[in-house]
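Protein chains in written order, with our numbering: chain A, 1 to 484; chain B, 1 to 484; chain C, 1 to 484; chain D, 1 to 484.
Among these hints, one or two may not hold up.
[Unchecked claim] With a straight-line Cα cutoff of 30 Å, these simulated DSS-like cross-link-like pairs (lysine-lysine) come out:
1. Lys35(A) to Lys454(D)
2. Lys159(B) to Lys159(A)
3. Lys35(A) to Lys159(B)
4. Lys77(D) to Lys305(C)
5. Lys159(B) to Lys194(D)
6. Lys92(A) to Lys127(A)
7. Lys61(C) to Lys35(B)
[Claimed, not checked] Simulated restraints on C-beta separations:
8. Glu298(B) to Pro456(A): 22 to 30 Å
9. Leu268(B) to Glu65(A): 51 to 59 Å
10. Lys144(C) to Asp177(B): 24 to 32 Å
11. Lys440(D) to Leu453(C): 30 to 38 Å
What the hints contain is simulated information worked out from the structure, not anything from laboratory work. Ideal Cβ positions, reconstructed from N, Cα and C, are used throughout, including at glycine.
4 protein chains.
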Amino acid sequence: MTGLNELRSPLSFLQSRLHDIPHRDMLDTEERWWKSEGVAVSHAIDRAGTPWLRMFDRLGKRVDEILYPREYQTILKRGYRSGVVWRALEEKSLIPTYLLMYDISFHDPGICCPYTVSLGSAVPLAKYGSAELQAHFLPQLLRKDDSVWQGATWMTEIKGGSDLGAAVETIARPAGDSWLLTGDKYFASNANAKLAVVAARPEGAAAGVRGLSLFLVPRYRNDGELNYFIRRLKDKIATRSVPTGEIELRSSEGYLLGSADSGIYLILEVLNLSRVANSVVSVALAQRAIADALSYAEHRNAFGKPILDHPLLRHQFENRLNALRSAFALAWDSVQLLNEVWMERAPYSDRYHLFRLVAHLAKYWTAEFAVDTTKWAMEVHGGLGVLAEYGAERWLREAMILAIWEGTSHRQMLDGLEVMERKQAHKLLFRRLSEIAPSKELQDMESEVEQHLKLPPEQREELAEPLFRRLAALTAETLVRKLK
Amino acid sequence: MTGLNELRSPLSFLQSRLHDIPHRDMLDTEERWWKSEGVAVSHAIDRAGTPWLRMFDRLGKRVDEILYPREYQTILKRGYRSGVVWRALEEKSLIPTYLLMYDISFHDPGICCPYTVSLGSAVPLAKYGSAELQAHFLPQLLRKDDSVWQGATWMTEIKGGSDLGAAVETIARPAGDSWLLTGDKYFASNANAKLAVVAARPEGAAAGVRGLSLFLVPRYRNDGELNYFIRRLKDKIATRSVPTGEIELRSSEGYLLGSADSGIYLILEVLNLSRVANSVVSVALAQRAIADALSYAEHRNAFGKPILDHPLLRHQFENRLNALRSAFALAWDSVQLLNEVWMERAPYSDRYHLFRLVAHLAKYWTAEFAVDTTKWAMEVHGGLGVLAEYGAERWLREAMILAIWEGTSHRQMLDGLEVMERKQAHKLLFRRLSEIAPSKELQDMESEVEQHLKLPPEQREELAEPLFRRLAALTAETLVRKLK
Amino acid sequence: MTGLNELRSPLSFLQSRLHDIPHRDMLDTEERWWKSEGVAVSHAIDRAGTPWLRMFDRLGKRVDEILYPREYQTILKRGYRSGVVWRALEEKSLIPTYLLMYDISFHDPGICCPYTVSLGSAVPLAKYGSAELQAHFLPQLLRKDDSVWQGATWMTEIKGGSDLGAAVETIARPAGDSWLLTGDKYFASNANAKLAVVAARPEGAAAGVRGLSLFLVPRYRNDGELNYFIRRLKDKIATRSVPTGEIELRSSEGYLLGSADSGIYLILEVLNLSRVANSVVSVALAQRAIADALSYAEHRNAFGKPILDHPLLRHQFENRLNALRSAFALAWDSVQLLNEVWMERAPYSDRYHLFRLVAHLAKYWTAEFAVDTTKWAMEVHGGLGVLAEYGAERWLREAMILAIWEGTSHRQMLDGLEVMERKQAHKLLFRRLSEIAPSKELQDMESEVEQHLKLPPEQREELAEPLFRRLAALTAETLVRKLK
Amino acid sequence: MTGLNELRSPLSFLQSRLHDIPHRDMLDTEERWWKSEGVAVSHAIDRAGTPWLRMFDRLGKRVDEILYPREYQTILKRGYRSGVVWRALEEKSLIPTYLLMYDISFHDPGICCPYTVSLGSAVPLAKYGSAELQAHFLPQLLRKDDSVWQGATWMTEIKGGSDLGAAVETIARPAGDSWLLTGDKYFASNANAKLAVVAARPEGAAAGVRGLSLFLVPRYRNDGELNYFIRRLKDKIATRSVPTGEIELRSSEGYLLGSADSGIYLILEVLNLSRVANSVVSVALAQRAIADALSYAEHRNAFGKPILDHPLLRHQFENRLNALRSAFALAWDSVQLLNEVWMERAPYSDRYHLFRLVAHLAKYWTAEFAVDTTKWAMEVHGGLGVLAEYGAERWLREAMILAIWEGTSHRQMLDGLEVMERKQAHKLLFRRLSEIAPSKELQDMESEVEQHLKLPPEQREELAEPLFRRLAALTAETLVRKLK
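All chains, please: the whole structure from these sequences, using the hints.
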């Protein structure tokens, strides 16, 4: 099966899927660098585990410095220079960003988290920030050299990440042109970012999500002092190339983005960017796991021949490749739809609602696929699969984070149901799919969805899983035909 | 759903499944101890990671001492005292052993590995050892106090674990009454055992599995010196309560078990014990993951109520409980069948072949279930699921080892196919299942299996996976009715 | 040299030094337990490094639980049961406490830190606490079973430990019968104590040490919530059997001990207890290092004989033994003097001032001796000395902490100078020493001290080191004659 | 005291000591790079601890790869490029080498170990290797780019490092033009070197040191397979920038250097190079510790002023600077003498014997000084000194290794005695010192040494320590005048 060869590199797989790849040279350079340098650094960072946090310098001044291996900066800064953030705003297209993310996350799935949250800071600033705010902060986020600022998107608090309306207890108090924020953020990726967008509730605002606003919070106050504190870094099982910490906001200076009562829209728009990134990274990670398993299976012998030549295993490889193509088609559809709607503001178009449904399906389906595939790839390695030394086990750890971040499968199902019920997004979806390849199966599925939406709410939710699974599978399998 | 309560403890689940539980008091005591003491120790050992290996004492004498936290001995020795090994031989029944294993592995899935390999040393010694060998070594393995010896079963070498015929390069040379073994064992669990059963090839014996013999190798030579060396301990992702190492046999004294040309039978009989243990432990681990998720979901709130009360999640819990019952039924059937045949010697009865098929189905099905369930349980914990601090991620690591040890799913499928093809074991299985609950589904499945076995060999293997999956599912779902 | 044998156990050394050892049986039992059990636990804890701090439970409640190996509790609680704290107050003597500390710290020098700070909490409570406070808290600190509470003494803040007058910024605000304390403690040993004595400045009090007060701060508030927070545990190079953390006091409930304006006296009285403990532990640690070196040197051969039989090394062992005896004599003198004065309150007697001088000399001299001896013991082990595996390097790490805690040598010298200058404590010392063994050397030294005290302040301080070193040496060498 | 400023950089200190510094530009460049890049890498490597050893690749092939952080190569290769090895042989002078080592080891004391052992491989090859051997291997060791080979010097076995005559059990068997070596090396620095010089005993050779020969052993056999194996890496407390391992030679191909019966001379000549390196590194490390303490003391306040302005501490800094200058003078004298004699072969000149005595004095004195100074520097940092986070404790760990490697103080004293007794090296020394600054003190010391050498052997050794200490001090204090 010649197709297996396209598994070996992210670009060759992208090439097989997409007809037109912008900035092909840049991506080529990127991939070469990763193979020769980046991969070894990435493994060293994973082995090193959670980095140290130096809270105070020798003289007792609070500094909250994260003691990464120095070479971490090398791999991190490279992506920024290549344009994972600045290209989006300069070229007014997310395509280069997500292509770069696919390419990079094949080699290090965690590093795309900093990029995503930096993008998730730059975009709302560019969309909703006042001219003055933009002048003050946007250029730093878009620098093309190593002095670039990193962003961060801090929403989640200790009470939970799904029900933001109830969980966000951070309070913002007006203070002249700016605000002072006080509260604790519990899962704060890129904990040492120079600039973060932060969900908080203005003092006196309504309860629930409607009372949330989005603020820009720089690392240093106007007087040069630390503006927020890192309580500690989390001991995550993977994505060690992003420092995730707990953040203490203590009368931290912040700047309102958009209007105070539209925060929840801004927050969800930020999540769109990261949910799509999660899908892209999931597929790239799955490809990586299959690629590693392939190179192992070609060279490992049992019963007189390479294990790749055993019919059962070879069949599984072929199935994985097909499934990878479907998963990619679904993820890439969410990229393309987002690229159409990312500059929309509420009230949104139908296209935006279609995007939301596809994004939920893609996030769910690709993360499940990444977990299942990385598990399988470990098994291909046999006993070596469970040894820390050989790297196969790392991909499952990375995949599990992708399955949980940006909303677990439960969340995608329930939010997917909601956008179907309230915005009739499934109708838009089935129309889109029928244009690609009309089929009896699609018609049946559409009827089934319609029936399901008529169920009493309790039951609708209870039985959502098999429906959503089949809908995701069918969507992926239909979309893949478009890419062929 | 009242059934959820039985998830909270291994004994209450066993009670709901089995009508008659021997040694109930002992199991009760065991469980109380684990809750009050053992669980904390088990977590501390997992956090501590791979233990140190002290190869030399201060004076330069090779000692190969494993520097475990001292309390490790506490949990380890407890199970031996309770009878996880001695009861099997004294009571001539494996039931107490596997009940104990279920009970214990709910709390620490790794610790059953030492027990299994100790059992796997005692049984062949008792079955095949000369009277003199038994007198010399068996009593130490069956002691009821903390001076008990641990056993080990070392088969795998660097070239692989599945194709033993090609991979075992350890050579045994006759030396009077005993033999001298030289070679390297690559995955050697319980690396510091006092006594191991070791697969080796007598000098000049045939190639392939037919030339293998099984030897008893004590830790110390007759002259008191180390008889084998631990090259290093493996950095496994889990089961840290068993030290797995690489073993160097260097003219190590060994004693032949059985006849030199029957080694492969003895080896497979040892694997029977551990494969069944793997199934039992997998189910207990799955129960543990669900139990932890349950206690979390009861207390964690989102959208105004405990997340357990959200219909989708509650439905998933109910499905998990049902699947747990089925998986247990399948695993327990393999226990009961093994209990009938474990003292057989080649040539074997039909009952033995039936056991082999059920054991393959059970190993495959329960390990897959454990992986899938522990992944799901991580997701129930949301972001906490990926933090090393909270333990939810540990269960997935443990499960992945169960999915790989004792043969990955590939291996179970291929060996299952073989016993169906060569011994017609599926006929025995369907007869057994029909007695429990005859159904059209069973008849269809039997025909399908028959058709499959008629395929050309290449294709038979290539397409084995979906067939084997459905066969396992149907077997489990049928057997569960018996336990109701 | 027969004396070397007394090095092998702390009790045999104590026996050789002291004519009367109370509770000898208890100490014997203690030592036996440590040899058979405790030593292995202590090494395992050292290997495990800094323990984890679990700040939040799974449900997001702040708990600040320190995840020690469970067996840590075993060794910790044992000392409390044996009476390292309760005996002092029940028997109205510190002798049993410091004997126990000597005995225990031979095996684990760090564990005496929790004991010392627990004592340092119980004593001021018993001396200065109101009847109500005592009734409320003292019994818990004096329990003779494993439910005993641990204490802690938290003075140091980020700006430094020596100049408390400037460094303590924690503020106490009156709140009815109690106070509310807010501030950060930077080196907080026994970070999870149930009760701490804490230096703070009542709002509006004077600057400098005169404005400090001492408060009792329990771990839990009256309403059951955490009363203080552990920001993090420190990665110390040794004494891993005591968790040292940074503490955040945030309106933490506290109870004033003594009068608000006498805090500095109470603080210094607490330091007396720990400074003397530091001396006792230093000597015990030095003995341990020599004992380990001895057992190595007896068995390690070079040039045809045990290295102990090489004249240079044997001579060094003999010198070390002599120096150990002197150091012990000095440390024990500080114990005996403290035992006479520990219940005094300001204004203090001459005896108290004599004690202070001896305590400074002893703290300085014994810690220097411990460092120098542990370094030498590493060298005796040759290359093994620098390997983490063999434990020899641990003693130097432990010793370095003793050299720094409770005031570095600088601090002892300067405070020693002060008590000589302001209280003429040297006159009391020379009188005491002359009674033991009058000599020309003592007379010369006394004149020299007198001359030194007449120097201009700048020069007096600048040249303090050689004077103080010789004074300490002479004092130790004189006192050792008393014990012969 | 203006002199304190010269402490801040290794080059400014060298400049203050030496009138003529060759390759000053290169050293400047080196120092700038270390300040801007290297220091951070060095700390990261120290934090990372012992690196992983990957013994087998995924396919089961033994590879013995050391998994260092990738950036380790950056700092390592830099020194080779700058000429720490090639300059010595190209410029026929050791001065550039030891200047570079001083400069580099101020920043990372461990990295000079690889350089030293590489030099220690190149020099005997260049002196004693056949033309063919030199042609085959020397160019790789002298490459000026990153493809340079590293060397190693493996002498010590498990039985000890001092008494090589008894401890070396590695056997060399002739095999045509080459030899096959079998044995275990216990402290093998630069365990992954491409080429090592190895002490072994040709089969049938005499017992004791006279039977030793020196062999060149490449990493790969002629057929491309591994020629030696790394059993494991040692968990050293410091010098983590050099991987020290245990080496298994198993019929490893080796090439004889010099004649078979002159091995001990070659071995001792190799030790000369590393003993002098040890002295140079010790002084640089001491300077580093003082420099760090200085920058701390300038900025840390207590009692109203920087602690550097407290008279006692300032006085200590001045004393340390003076002692540093003396220690450097002694170390540098050993460099200059070695530079005169390093190409000599046995029988040696008087100059060589003088060198040996000075080298023993320097190794002893500078290592003691490094330990004492790093301990003191920790104390200057107060509590921070014992925290892993701040680096002060690292210098003591590094110093302890210097005190033990290349022979502990015992060894230097005894070997120093021997060269005085057998070669009258003290007479040469006193003549040299008198030329610098004749004094009564020197005359007295010379008489004292003469008297000592007349003592009975047992007593001569027993009382060696104080004599040797005073001789080293006096030598250092005299030599320092030469550099003023």
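Hints the structure fails to honour: 1, 2, 4, 10
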